[in-house]
Amino acid sequence: MKMTSENDGYKKIVEILRNSKPDLIRPEEIGNEVINKIQRENQKSSGLSEFIESLFGWVYVGWVRRSLVGAAVILIAVFVYQQAFIFKQVKNISKQVVITGNETAPGSSSALDKRLTLYKISSRLSPGGEIKFSESQLEELLDSYYDLQVKYKDLLRIIEEDPEMKNYIENKLNQEKKYKPDI
Amino acid sequence: MIEKELIEECRKGDLRNFRKVVEKTTPMIFSIAFRMLGDEDTARDIVQDTMVTIWQKLSRIKTADSYKTWAYRVAVNKCYDHLRKQKRQKENRYDDQAWAIISNHISEEGITELENKENAQIINLLTNKLSPKQKAVFVLSELEEMPANEIAEITSMTRSAVKANLYYARKNIESLLQKYL
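Quick note, the sequences are listed as chains A and B, same order. Just so we're aligned, residue 1 is where the first sequence starts under the numbering used here, counting upward by one. Just so we're aligned, residue 1 is where the second sequence starts under the numbering used here, counting upward by one.
These are computed hints drawn from the structure, not numbers from a lab. All C-beta atoms in this analysis are idealised placements derived from N, C-alpha and C, irrespective of residue type, glycine included. Among these hints, one or two may not hold up.
[Stated by the list, open to error] Not everything, but these chain B residues come out facing chain A in the computed CB check (under 8 Å):
hint	residue
1	Ile102
2	Ile106
3	Ile122
4	Glu145
5	Leu166
[Claimed, not checked] Covered by chain A, per the in silico footprint, the following chain B stretches (three or more residues, Cβ under 8 Å):
hint	stretch
6	51-57
7	67-80
8	128-136
9	151-162
10	167-181
[Claimed, not checked] No farther apart than 16 Å at their CA atoms in a straight line, the calculated lysine to aspartate or glutamate pairs in the EDC-like style are these:
hint	chain 1	residue 1	chain 2	residue 2
11	A	Lys21	B	Glu150
12	B	Lys117	B	Glu23
13	A	Lys21	B	Asp81
14	B	Lys24	A	Glu140
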């Protein structure tokens with residue numbers, strides 16, 4: 001019973017609202033206002049377009065347009081040629097880079113040389129991943145190797161110049177080799 | 001009824017003809033905006049904004065046939081924007097005067113026509129707790145008597161969403177009537 005009265009109330013109030021169309025007072029005012037607003041917006045946008053026209057209007061001149069297109073095409077062609085040329089050069093350079101161990105001069109080794117030698121040694125020493133050592137240890141080893149090369153440079157020269165001494169040292173080394181156990 | 005030729009002329013940029021379109025479109029948009037927002041002045045502002053937007057985007061509609069639905073859609077979207085900006089009143093305060101008006105009208109024998117002020121008061125009271133979508137569907141379906149298909153097109157909802165929103169809007173208003181009458 002209550003449900004029905006609720007529903008009736010809803011229907012009645014909706015009916016009342018439906019029949020009471022809102023009155024639009026002075027509709028011509030809205031019309032005028034809308035037209036004025038549109039005209040103002042048009043003027044604003046035309047002012048902006050005039051400004052843009054004065055700034056970039058020259059791009060619409062026929063010969064300027066054609067020249068710009070030509071320049072753009074030339075620039076693109078130069079860019080493509082340059083890229084192709086650079087790519088070719090890089091390819092050639094990468095083919096030319098062959099580094100051997102002998103090329104790393106002792107004493108004058110740059111950081112890059114050192115790195116390369118380190119890389120080579122480490123890849124040679126641990127093919128099976130058996131020997132483990134740190135990078136700093138390897139660097140230490142390399143430094144001492146270069147030191148030795150410098151210190152004994154003179155000694156090596158003296159040995160080379162004196163055949164008697166050379167023979168003596170070779171004999172000694174051979175003898176030592178014999179006593180070394182095979183690993 | 002707005003003639004297709006008139007719309008076509010406006011699409012070409014004819015502002016003089018657009019004034020005629022404004023005259024014909026304004027009452028229907030005002031009705032929806034007024035009923036959705038429950039405020040005469042805001043509804044007038046929405047009508048102005050809507051008409052300016054219509055002028056700016058008129059060239060985008062595919063055919064003149066779809067003008068009416070499209071114009072409604074623009075107006076409903078403007079109302080949505082306004083409702084979202086508005087602080088949503090969570091409490092439905094008891095308004096003695098407005099409930100007395102509703103009570104009197106319900107108990108009266110015939111159907112009386114309301115003044116704008118009374119109309120706005122009652123709409124505000126009844127639809128205060130509805131979401132913007134529910135408001136739109138309630139106004140378009142119950143007050144403007146539009147079919148579900150058209151409402152779906154105007155609100156960009158599916159038909160089932162329209163029906164669901166209408167169901168919840170009705171339920172909400174009925175519970176208010178039960179509570180305060």
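Tested hints:
Interface hint status for isoleucine 102/B: upheld, as the beta-carbon distance to the closest one in chain A is roughly 6 Å, under 8 Å. Interface hint status for isoleucine 106/B: upheld, as the beta-carbon distance to the closest one in chain A is roughly 5 Å, under 8 Å. Checking isoleucine 122/B against chain A by beta carbon gives a least distance of about 7 Å; that is within 8 Å, so the hint holds. Restraint check, glutamate 145/B versus chain A: the minimum CB separation of about 7 Å is within 8 Å; hint holds.
Contact between leucine 166/B and chain A, as hinted, is not supported at the beta carbon level, the nearest pair being about 12 Å apart and thus beyond 8 Å. Three residues within the 8 Å Cβ limit are the bar, and the stretch 51-57 of chain B against chain A gives 4, so the coverage statement holds. Taking a C-beta to C-beta cut-off of 8 Å, the stretch 67-80 of chain B contributes 0 residues in contact with chain A, too few for the three needed, and the coverage statement is violated. Look at the stretch 128-136 of chain B against chain A: 0 of its residues bring a Cβ nearer than 8 Å to a Cβ of that chain, fewer than three, so the hint is violated.
Evaluation of the coverage hint for the stretch 151-162 of chain B: breached, as 0 residues show C-beta separations to chain A shorter than 8 Å, against a requirement of three. Against chain A, the stretch 167-181 of chain B contributes 6 residues with a C-beta closer than 8 Å to a partner C-beta. That satisfies the three-residue criterion, and the hint holds. The straight-line distance between the Cα atoms of lysine 21/A and glutamate 150/B is roughly 20 Å, outside the 16 Å bound, and the hint therefore fails. Between lysine 117/B and glutamate 23/B the CA atoms are separated by roughly 23 Å; this puts the pair beyond 16 Å, and the hint is violated.
With a C-alpha separation of about 23 Å, the suggested pair lysine 21/A and aspartate 81/B falls outside the 16 Å cut-off, and the hint is violated. Between lysine 24/B and glutamate 140/A the alpha-carbon distance is near 93 Å, which puts this suggested pair outside the 16 Å criterion.
Figure legend: structure checked against the earlier numbered hints; hints not met, in rising order: 5, 7, 8, 9, 11, 12, 13 and 14.
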